[in-house]
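Asks: In case you want the letters, here they are:
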Amino acid sequence: MKFNTNLKNIILILAASLLLSACAAQKKSGLSGDVYTGTETIEYLASGVPDRVFFATNKTNLTTAARETLRKQATYLRKNKELNVTIEGHADERGTREYNLALGERRANSAKDYLMTYGISGKRISVISYGKEKPVNSASNGLAWSQNRRSVTVKVK
Amino acid sequence: MKKIIILSLIFIFYSNISHSLIKVDITRGNLDPLPVAISPLHVDVKSENIEDLKVKELGEKISEIVEKNFRSTGLFNPLEKDAFVQKPDIAHLKPRFEDWRLIKAQALVTGKILVKDGKLKVEFRLWDLTASKEILALAFTTTPSNWRRVAHIISDKIYERLTGESGYFDTRIIYVAENGPKTNRIKKLAIMDQDGANTKYLTLGNELVLTPRFNQSNQLVTYLSYFRNLPRVYLLDIETGIQEVVGNFPGMTFAPRFSPDGKKIIMSFAKDGNSDIYTMNLDTREVEKITEHSSIDTSPSYSPDGKYICFNSDRSGLQQIYVMKSDGSNVKRISFGKGLYGTPVWSPRGDLIAFTKVSKGRFYIGVMRPDGTGERLLTENFYQEAPSWSPNGRVLIFYRETKSGPKGKGFSAKLWSIDITGYNERKIRTETDASDPSWSSLLSN
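Residue numbers (the numbering used here), protein chains in the order written: chain A, 1 to 157; chain B, 1 to 445.
Warning: the hint list may mix true and false statements.
To be verified - With a Cα cut of at most 20 Å, we get these calculated EDC-like pairs of lysine to aspartate or glutamate:
1) B:Lys68 - B:Asp195
2) B:Lys407 - A:Asp113
3) B:Lys200 - A:Glu40
4) B:Lys188 - A:Glu133
5) B:Lys407 - A:Glu40
6) B:Lys271 - A:Glu40
7) B:Lys403 - A:Asp113
8) A:Lys59 - B:Asp272
Bear in mind the hints are in silico, worked out from the structure with no lab data behind them.
So here's chain A without its partners, still in its complex pose (with noise of 0.2 Å):
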């Protein structure tokens, strides 16, 4: 009986040292939800510019925080009249590929949609849907998932 006690105690103190180190994890990583929104994977196309915006899993919406790397992009791309860009969609590996395809041009969309809506032309945005072929980062885990439901925009050269 005591012994049971005992085995219960260490049972709730692994269980809560696991809850804590769960919850570590997931604010080093930078997940809000499943959406990443960390730093890591970004590149930018001008100071202060990121070139991405991430996804949550089988979304297509844009976040708080998407919509306001958006908005850079678009004060960006006013100022650089002469610019056009690519938009391309991307999906983590855990779907199926013809779908992820789908979604990947749905998320490159969302990301054009919102772009257009602050005054650019639909003329300087071309969108090219990767599905799940081009992860940037190659691990199966959760966040490298969040990394990779992204869409990303790149100068057209």
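We have chain A already, so just place chain B on it with the hints.
Replies: Positioned in the frame of chain A, the structure of chain B alone reads:
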């Protein structure tokens, strides 16, 4: 005491896992494979020698391929040749049935080949050892370089005679050969015989290629290529190597398949964030829009009679399988289980639709009837998808990817097959990593 607790914890854990295992219909699984003796084919002494081909060994080699084919079905148990009691030529004339029965064989395959005037003449017989009689005898002539196909055709004929179903050995698989790190994968179209022999690469790997599928005569392949960074559906003639883009769509086309008569290509076209299903008639080039919905509609596949189409749509919110008439009317959702469903593909027999299911972070290959009833999950794994049917509708081939560590460590993509009974899961050997397999129809007849 501690040990017992640890053990029982493991046991609980284990039994949890086995609870979540797939439901498998065992009623049609073959747990008792038929013992067969496949005698080496006798090589006629009058045979000529041919360069690059050791004619003397050909009889042995052909029988080995037949044996391998049979073993791969899980339905037959080819017996060890060491135990064979009669010489190939004598057995072929008239086996001593009681001797073969002694090694517990129930069927015997014998044969003879002759290479003469640049031609390969083959005859073979199938003997029922229980009834002590010949039940199949066939002869045919071909070019000697075709000897592997000879073995596959023999396998098909015997399979057909013993199971009552057509075979699937004289077939090929087209797939995507993969190389390099996950973040920069090189992908090429590749084709091989069903048993993994005769691999040929059809593209150079300069551009990303995905989802190749055969037409009904196995001459044409439709696939997605990122040529010039414009993802479009292409058509490739395997014999001539000529490729052309399908249609003139102002955006990405993907998820192509042929109609059963080979006259149309059905595919998705994505524009402004919306994917719908279209067909293009290959003769008239006429394009028809089949679905019109603000959701993602993709992965279309015709029923074998061409009257219906199953496809993947997220119109209910998440990926599910739908069936409609081939003109796009009468859309009905057929998948209602817990989880997501993708890549539906109609069996060549018409009786089942195979699919990929994602549930609680695990991937399943399963089958259901076209009305959505009788769902059965055949195999569960970390990641697997894209089933393709053997031409007799008995076996599914698909690809499986492993979970990878940091920087993609430990990642691999391989082809696997499983019987629709849920039995006989096996890895298909390929020269490189592989994905997106598509099974041809029978090359002969």
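Asks: Now, for every hint given, state plainly whether the structure supports it.
Replies: Status of each hint after checking the structure:
no.: 1; hint: B:Lys68 - B:Asp195; verdict: holds (8 Å)
no.: 2; hint: B:Lys407 - A:Asp113; verdict: violated (33 Å)
no.: 3; hint: B:Lys200 - A:Glu40; verdict: violated (41 Å)
no.: 4; hint: B:Lys188 - A:Glu133; verdict: holds (13 Å)
no.: 5; hint: B:Lys407 - A:Glu40; verdict: holds (14 Å)
no.: 6; hint: B:Lys271 - A:Glu40; verdict: violated (31 Å)
no.: 7; hint: B:Lys403 - A:Asp113; verdict: violated (35 Å)
no.: 8; hint: A:Lys59 - B:Asp272; verdict: holds (16 Å)
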